[in-house]
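Undergrad: Each chain, letter by letter, is given below.
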Amino acid sequence: MHADNTKHVVEKWVERLGTGRDQLLPLLHAVQDEIGFIDDATVRALAASLNLSRADVHGVVTFYHDFRRRPAGRHVVKLCRAESCQARGGARIEAAAARRLGVAMGATRSDGQVSLEPVFCLGLCAIGPNALVDGRPIARVDEAALEAIAQAVAA
Amino acid sequence: MGFTRETDHGTLPALATGANVTLTIDGEHVTLPEGTSIMRAASLTGTAIPKLCASDNLESFGSCRLCLVEVEGRNGYPASCTTPIAEGMVVRTQTERLKELRRGVMELYISDHPLDCLTCAANGDCELQNQAGAVGLRDVRYGYDGATNMGQPKDQSNPYFDFDPSKCIVCSRCVRACDEVQGTFALTIEGLGFGSKVAASQDDAFLASECVSCGACVQACPTASLIEKKVVETGTPDRSVITTCAYCGVGCTFRAEMRGEELVRMVPWKDGKANHGHSCVKGRFAWGYAQHKERILHPMIRTSITEPWREVSWDEAIVHTASEFRRIQEKYGRLAVGGITSSRCTNEETFLVQKLVRQGFGNNNVDTCARVCHSPTGYGLKTTFGTSAGTQDFDSVMQSDVILVIGANPTDAHPVFGSRMKQRLRQGAKLIVIDPRRTDLVRSPHVEAEHHLPLRPGTNVAMLTAMAHVIVTEELYDEAFIRERCDWDEFQDWADFVSEAARSPEAIEPLTGVRAEDVRGAARLYATGGNGAIYYGLGVTEHSQGSSTVMAIANLAMATGNIGREGVGVNPLRGQNNVQGACDMGSFPHEFSGYRHVSDDATRAMFEAAWGVKLDHEPGLRIPNMLDAATDGTFKALFIQGEDILQSDPNTHHVAAGLAAMECVVVQDLFLNETANYAHVFLPGSTFLEKDGTFTNAERRIQRVRKVMAPLNGQADWEIVQLVANAMGLGWSYSHPSEIMDEIAALTPTFAGVHYDRLDAEGSLQWPANDAAPGGTPTMHIDGFARGKGKFIVTDYIPTDEKTGPRFPLLLTTGRILSHYNVGAQTRRTANTAWHPEDRLEIHPADAENRGIKDGDWVGLKSRAGETTLRAQITERVAPGVVYTTFHHPDTQANVITTDYSDWATNCPEYKVTAVQVGLSNGPSDWQEDYADHARQSRRIAPLEAAE
Amino acid sequence: MKRVFISCDMASVALGADAVARAFVGAGCEVVRTGSRGLFSIEPLVEIETEAGRIGYGPVAPCEVEAVLDGTHRNYIGAVDEHRFFAAQKRFTFARCGIVDPLSLADYAAHRGWIGLDTARAAEPQAVVDAIRASGLRGRGGAGFPTGIKWQTVLDAPCRTKYIVCNADEGDSGTFADRMLMEGDPFCLIEGMAIAAHAVGASRGFIYIRSEYPFGIDAMRAAIELSADRVAPFELEVRVGAGAYVCGEETALLDSIEGRRGQVRAKPPLPALAGLFGKPTVINNVLSLAAVPFILSEGAQAYADVGFGRSRGTMPVQLAGNVKHGGLFEVGFGITLGELVNDIGGGTASGRPVRAVQVGGPLGAYFPPSMFDLPFDYEAFTAAGGLIGHAGITIFDDSVDMAQMARFAMEFCAAESCGKCTPCRIGSTRGVEIVDRIIAARESEPARPTANNGVLGKALYSRAPDRIDVSPSAQTTLLRDLCDTMKYGSLCALGGFTPYPVLSALDHFPEDFGAPAPALEAAE
Amino acid sequence: MAMEDEEGVMSTGERLIYMANQIARNLASEGGERSAEMVADHIRSFWDPSMRQRIVALAADRPNALSPIAAAAVRRIAAA
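Chains as they are written, first to last, in the numbering used here: chain S, 1 to 155; chain A, 1 to 948; chain B, 1 to 524; chain P, 1 to 80.
Keep in mind that the hints are not guaranteed to be accurate.
Straight-line alpha carbon distances no greater than 20 Å define the calculated SDA-like cross-link-like pairs of lysine to any residue that follow [stated by the list, open to error]:
#1 Lys-279/B to Arg-21/S
#2 Lys-487/B to Arg-74/A
#3 Lys-487/B to Arg-141/A
Now the stretches of chain A that chain S is said to cover, found in silico as 3 or more residues with beta-carbon under 8 Å [claimed, not checked]:
#4 94 to 105
#5 440 to 453
Calculated directly from the structure, the hints in this document are not laboratory data. Here a beta-carbon is modelled for each residue, glycine too, at the ideal position from N, C-alpha and C.
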């Protein structure tokens, strides 16, 4: 069932974006945005559509940090770990976030509610530590902001 | 005998631009072609720059960073593999600073590599080990407590090689070899950074991945990460012999690597002109049959085919054979006996078998397995061009702009050439595929045909004539070429014929089932796309109109001027390793060696003088005629060398009946094959590893086969034939196959320049090789056709009489698969069965659904000739109305189904078109059961009597 | 109805600008969303249109609309143009950013938009390339290669198909100028690319934007659609990265656009001759291309007149990290590091002393305040063992542990290495391990082996870890040797420049690595 | 023209007739005499003498079995 759905989604996006190899990243983004992750069936379907080998697609999927091979939590909190945020206490906030959200950096909470992921720079480097919560940027993350984030991802 | 090694110059040769540059490397002035890398330049002048990721069959990559050099006036330390030489450049490859950097890199490598060299299978044959020595690494200061990629499980799924990620240095050579050389793209690097690792497909086990087991990755691996199981078991080889593969008509050169008398591995030889260091799963790995326990090593006799075999001495077997043939000739007449030569044996062996028939039997009843494959090629190309052979060498394809493949499946049947073709296609050449099946070439990763014309089986002539119609009526032909090289009047007759409306793509659409617009597009592309080359296979020849199709192909090439230079031509892809050679050697009942008719008095006089007997001037019997004559009671004895006509020839019932009607059938082979079930004498044969000789591949290339090990049966095949001949009183005295070749050269003008010393010195020769062409002939018909003017032949489309109807509504077409070879006698006795354990029937989903057939179901396959059962594979590779199977497994006996319709000119059987019905089945057909029973009975062997 | 200008820049939004904007709409104002002016300590900034020009208040909270509208808000700034932070700049590239509606073609045209393109199109391609060469513009992505020479190579390449590729994979921490420009003045980049296309004979362009910049992606896509007719027949397309820092390396970026693993290609061939899809390709950074319209509209000389030595024109410097007045400051080359950090940036946000600044992102060197007289200039920075890179300056106060920062440099390289070349692939991981040993030794803990990833364990190997000399001095020597291997052996700048932060930390802050501190004022 | 027999096996005589007719059909486009001569040539080149004798005899026994061109060709073979 799932594989059928995947194939359908892939075919839809291939129809829109085309079968050139250079559409592979746009297609992976589009499919992941829709399904949430890139599984083996997606790799197969994309390889078939773009006339690539499965190895070709697998190599690309595993190269890029953005592509997930299994679903993320319902909410995704990305916390910047780069130097500018470190200069503003990023490490302390990272530890606090892991504590408050109950999930280790790079992991998804066992209830599937939230994933905590590292990001290297959001380009908000004068106002860190910075986070991206379900795509929404938050600057100057402190304990109070973490509390708000924790509440938001409880929903 | 030593170990022959090859130097790896690190990067590909420069593309020829004609310009040279001069530079200084380590103080020496060097002049080399523009575009050469510094690494290659240094190597060619004798300086080995350390390297791990570079190999001279791959694009330079620049990842290992061991090959850094200093270039005066440039910052940093450029990688010598990716930096081209330049005029006036001053390069230093060995300085203290470079040593320091290289040691630094090597120290990192070894910090993530096991130190188990002494127990490693690659010990002594490991590039990493060599380079660590070369850069003088003495210590790894990083220790071994940090992160490593070691300890990952080995992948041992492939039957021939293991993958041990722990020993991988992520040089990507395997990935690049799979991409660039083989063109399968089955490997990738998974992940990134320190976690980068080689993965097959989606990190599958190799056997479950897209890997086709060609071995290019194993060969490319600089460590023991990818290594042959046999090397792991046996240890590294200590001597080597260069020889030629005995599978398929590509004719790959291999270095057989031995440890004592044990073959350790076959490694493709870079200087092999046909394969340039590449291989396929058969040649590289599937040689285990040579030591298979079912090999018959003692001669055997029996008086009737229902008795068990009796092992006898060589003397007894030879004397018995000779006396039987003499007895039968005395009783039934001179013409009651004949012989069949083998396309798998050497030229020399083949020549001797036909000589035995002509000189010893005194008739021309000799034929060869080319009868059932490429006899129409011989007829068609001789008629149109004047020479019964393809026009190009394999390298020619790299100059082609449009490649037309018709009735051939090179990625399965000629894999090494298939890879080369795919290289060219990836460079941008356009592809047209004319085939009822959607073969891999039609669409597979990174290759896609511009046009696939999935015609109904049996309509080749109509299709090609329609293409000619487009070329003529749209005036796309090459008038200057035709006027100069062909007969203009003949062209005009032909042009008038093809221009008729009835031959237009639109008119034949109902016949072929292919859209007229596609046909027009393909014809235009072939005629106007630059260098157009046609490659064809048995999908052309094995038809009622096989010869007409070959001539229709020749017409297209002549009309468009696509003949007589590199990149063009008409190229039959020969099935078996020496089918070209077998034809060249005079294996046909109407021709002496070099395609000279037996009625030609001068030729006959030459042979009569050499052999000291009067020779028959009348053509002899072809294989099917022999079988007919046998059932009629006039043909009684047959000497068959290395050919399994029962399994390979059509209409098995008829073949069986013919064989059963004979009084003496002699089979010389490696195994008790299917034909041997009907034999009275079995003479054990030897494999290509056990004898000297030559094979001639599909590009007319004569290459040496060299003895790698002593014959297990005590005699090479040529020696056995000589024993029989001498028992018949012929007085042969060859002491080495080179003497046979000397006789061939003396009696065959196109081979006049062929001698073993030249073959050993030059590697190979392409015939004609004689005074007119001292260096051999890579490309034929350059200045004129062999026959003078190229001949246009009107090729009327005469449909086959094999028609579908209510009882047999589907068309069966047959073919082969990558992992198996011909009747499978060899490959079935290797681990290649892991990929293809049985023949299956490919059927379109619609046809399957109509019959209630699910994937994997047992189905009955029935034609008016017979019935068999096999399992179904549902696939859209075949069009509705068409089914397909392979003929590799005697349990299936696909040829029980095929009929005795054949090519009008040569009697090449119509394997590719049989009207059939398919239905669900519970088990083997009656024939299969009876046959299995008979085969069991017939394979009983009574042991050699002790007192000898 | 009052016209109010509020930034929609991602940084402003992260600071709450959307809610502020909604509040002003709720109060009946006409709110124009602009890009950011670039001073984040006053964001969200609200500018009220008055006859005396735009009057600013900031930062402003959503509940403070009334105070702003009645002029009583405590964060009254006055005329924004006259604010010291803005008045001190030379805004060539960022002239419109923060002022115009980024997606208003009318606004763009009203602020000298398209003049450069029209000027270029009226001239021969060679004349355009000549103008770029005359301006002295050098690649703003970090390497500082003369843009005009690159364009000349592409112009001279005999091929009908050529491409313009904009590298907007701005992954360096401490930099955000590309993002601000794409969000605040996207037509400027489009115009620059269209000029480049005319100059070299290309008809298609790609903007490769990192996926961490969703606002920039949306803005560019919208702007491309709006301006398609204006730049036709030149066609542009946004391609979105996928979280790989190394794709900021130009050849990896090209592979990524082509749908491959973003691995670095060996050069030659240069992208200018065989770039995207094997065709001649101009690949330039956002800031390089965005400088082009100014050069064409105002003249090459106007641009070249500004600058220092061989570094001509302006550089949008980004002040980041622990800084009081962080933001974007476009200024001519030659200003000193100390002026930027202390005078413009106002020192640290924490109020503690500045201990180190990292210039040029994760691959840039760390400088101590003793080197603050260094002029902002490509050559001067190279001579000082550093690089300007994308002109991001990340400021650290005295709580920073420079050994940890060196470790982070290696860790970042390990996380982002494409894995192709050995020095970077293995060296970065080994680098982390060495610094771990140094830190452990510094803290007088016994050297603790880091986790062994392999299951075989050490038993299999002939040499046990205790044979290694784990003293700080031995490990520091090894670290320097490793940096040497990486710097000179790596295929690209990721592995090749990671030694900059590591070695500069070692050189300038040895006390953090268990060695004696350098004598004070030693530099004098 | 097709083989109707259920077992799918032709007798030798039937096969010879079939072959001669098949050759004739494929060489028919030249027309008349020229075709007959080509068919005769073909058979002389590729058939062994016993097969040629047999077809000559079959042509006499079953005058309608051969197509006109094949029959003309066989007449030429018989005459030689």
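Undergrad: So which of the earlier hints does this model not fit?
TA: 4
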